[in-house]
Amino acid sequence: MGDNGEVTTLTDAQSETPTLKLPPLQLGKLTIETPVVLAPMAGVTNRAFRRLCREYGGGLYVTEMVTARALVERNPESMRIISHDDDEDIRSIQIYGVDPATVGAAVRLVVEEDRADHIDLNFGCPVPKVTRKGGGSALPWKTDLFTSIIEAATREAAKGDVPLTVKIRTGIDNDHQTYLESAKIARDHGAAAVTLHARTAGQYYAGHSDWSAITTLREAMDDMPVLGNGDIFSAEDAIEMVEQTGAAGVMVGRGCQGRPWIFGDLQAAFEGRADRIRPGVRKVADTVYRHGELLAEFFEDEGKGMRDIRKHIAWYFKGYPVGGEIRSQLAQVPSLARLRELLDQLDLDLPYPGEAAEGTRGRAGHPKKTHVPDGWLDTRTMTDAHREMIKAAELDISGG
Numbered sequence: 557m558g559d560n561g562e563v564t565t566l567t568d569a570q571s572e573t574p575t576l577k578l579p580p581l582q583l584g585k586l587t588i589e590t591p592v593v594l595a596p597m598a599g600v601t602n603r604a605f606r607r608l609c610r611e612y613g614g615g616l617y618v619t620e621m622v623t624a625r626a627l628v629e630r631n632p633e634s635m636r637i638i639s640h641d642d643d644e645d646i647r648s649i650q651i652y653g654v655d656p657a658t659v660g661a662a663v664r665l666v667v668e669e670d671r672a673d674h675i676d677l678n679f680g681c682p683v684p685k686v687t688r689k690g691g692g693s694a695l696p697w698k699t700d701l702f703t704s705i706i707e708a709a710t711r712e713a714a715k716g717d718v719p720l721t722v723k724i725r726t727g728i729d730n731d732h733q734t735y736l737e738s739a740k741i742a743r744d745h746g747a748a749a750v751t752l753h754a755r756t757a758g759q760y761y762a763g764h765s766d767w768s769a770i771t772t773l774r775e776a777m778d779d780m781p782v783l784g785n786g787d788i789f790s791a792e793d794a795i796e797m798v799e800q801t802g803a804a805g806v807m808v809g810r811g812c813q814g815r816p817w818i819f820g821d822l823q824a825a826f827e828g829r830a831d832r833i834r835p836g837v838r839k840v841a842d843t844v845y846r847h848g849e850l851l852a853e854f855f856e857d858e859g860k861g862m863r864d865i866r867k868h869i870a871w872y873f874k875g876y877p878v879g880g881e882i883r884s885q886l887a888q889v890p891s892l893a894r895l896r897e898l899l900d901q902l903d904l905d906l907p908y909p910g911e912a913a914e915g916t917r918g919r920a921g922h923p924k925k926t927h928v929p930d931g932w933l934d935t936r937t938m939t940d941a942h943r944e945m946i947k948a949a950e951l952d953i954s955g956g
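Per this note's numbering, the sequence shown starts with residue 557, numbered consecutively.
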């Protein structure tokens, strides 16, 4: 075991740890050497967190989602969200929109102003206040609207030779699946890849994702990369998904919350190495502090950075023997100086706690009936009433 449990290089006795050599992911002209994608997550995958993740392993690191309308209107916070560090080799952003003209205009802005090397479109959001207006994962049910958005986005992206990918769910519920048709539409209009979160909107993030749907999609789309998303909380989960489904790569969301080093594990696994990063308390504490510093720099405001780091505390110390009182103080930390002081009060010599720190992370929520507009499921095409309603669905909200 390495310093303070940071890295474990497995011995012969431990050599049964699975590995899988996986080729690079090709997205148009882009080659992603490690076929792993950081899922866009609101309030998490900002420039600060992306830097932490990139320092552990390779992959494609996507910004938080921004709405097409906010980009077109040059909303200051949205412009901050799509900013990148100078050393981000592949600048990747995710856009959400419900209007073809607005989505097209947003992609055109990004391409003409050279703000990204890769664009992803989000059609996976299950949040009720989005789906009840026809947005998010409810939108692909309307194939004419979905097709129009894909057409507009791929047309503008192609002008700058910027690869465009699409993220979808399996459908609204088991009786209203959309993923096969949506993926074919995306492919036929020039999308470079499709990522499938193998849950319906109704599942939210609860239960188990249906990896067999990824297999079905991959078999139907053997001429385009299919990425799998859902329930990847370790390198072993990622290997199992790829072996089961034949996916060209994986997208990791909740599994990296409070654990940026998972990208080091994933790179090792897909390069055929058994190395795993197992940080002790000292390494976790140092990472939390550095995360706080990067957030203060990103927001250009130490107080705002500290308010942001608070939600990460429980994720970072999941399974570690850190007392409730100090956890509570860390979750209210007001400054970098106080953050350092509190972290130094921990027993920094404690090793990685093992299984207690593994497994699911983040909020799963509960399965729920997906709310969609009245009459939405009656037909696969838009009505005049639905066209008016969906204009209100473009909220600055993430998910997928």
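Be a bit skeptical, because a hint or two may be false.
Calculated lysine-lysine pairs in the DSBU-like style (CA-CA distance at most 35 Å, straight line) [stated by the list, open to error]: (1) K947 x K740; (2) K715 x K685; (3) K947 x K685; (4) K925 x K947; (5) K839 x K685; (6) K867 x K924; (7) K740 x K867; (8) K924 x K947; (9) K925 x K715; (10) K924 x K874.
Simulated from the structure, these hints should not be mistaken for lab results.
None of the values given here were measured: they were computed from a predicted structure.
When you check the alpha-carbon spacing of K715 and K685, does it fall within 35 Å?
holds (34 Å)
Holds or violated: K924 and K874, Cα atoms, limit 35 Å.
holds (27 Å)
Are the Cα atoms of K947 and K685 separated by 35 Å or less?
Holds, because 13 Å separates the two Cα atoms, which is no more than 35 Å.
Does the structure keep K925 and K715 at a Cα separation of 35 Å or less?
Given that 35 Å is the threshold and the Cα spacing comes to 40 Å, the pair is violated.
Please verify whether K839 and K685 have alpha carbons no more than 35 Å apart.
Not satisfied, since the Cα-Cα distance of roughly 40 Å exceeds 35 Å.
For K740 and K867, compute the direct alpha-carbon distance and say whether it is at most 35 Å.
violated (38 Å)
Is K947 close enough to K740, meaning Cα to Cα at most 35 Å?
OK: K947 and K740 at ~25 Å, within 35 Å.
Take a quick look at whether K925 and K947 sit within 35 Å of each other, Cα to Cα.
Measuring from Cα to Cα gives roughly 22 Å; hence the hint holds.
Holds or violated: are the alpha carbons of K924 and K947 at most 35 Å from each other?
holds (24 Å)
Is K867 close enough to K924, meaning Cα to Cα at most 35 Å?
holds (25 Å)
Of the numbered hints listed earlier, those contradicted by the structure are 5, 7, 9.
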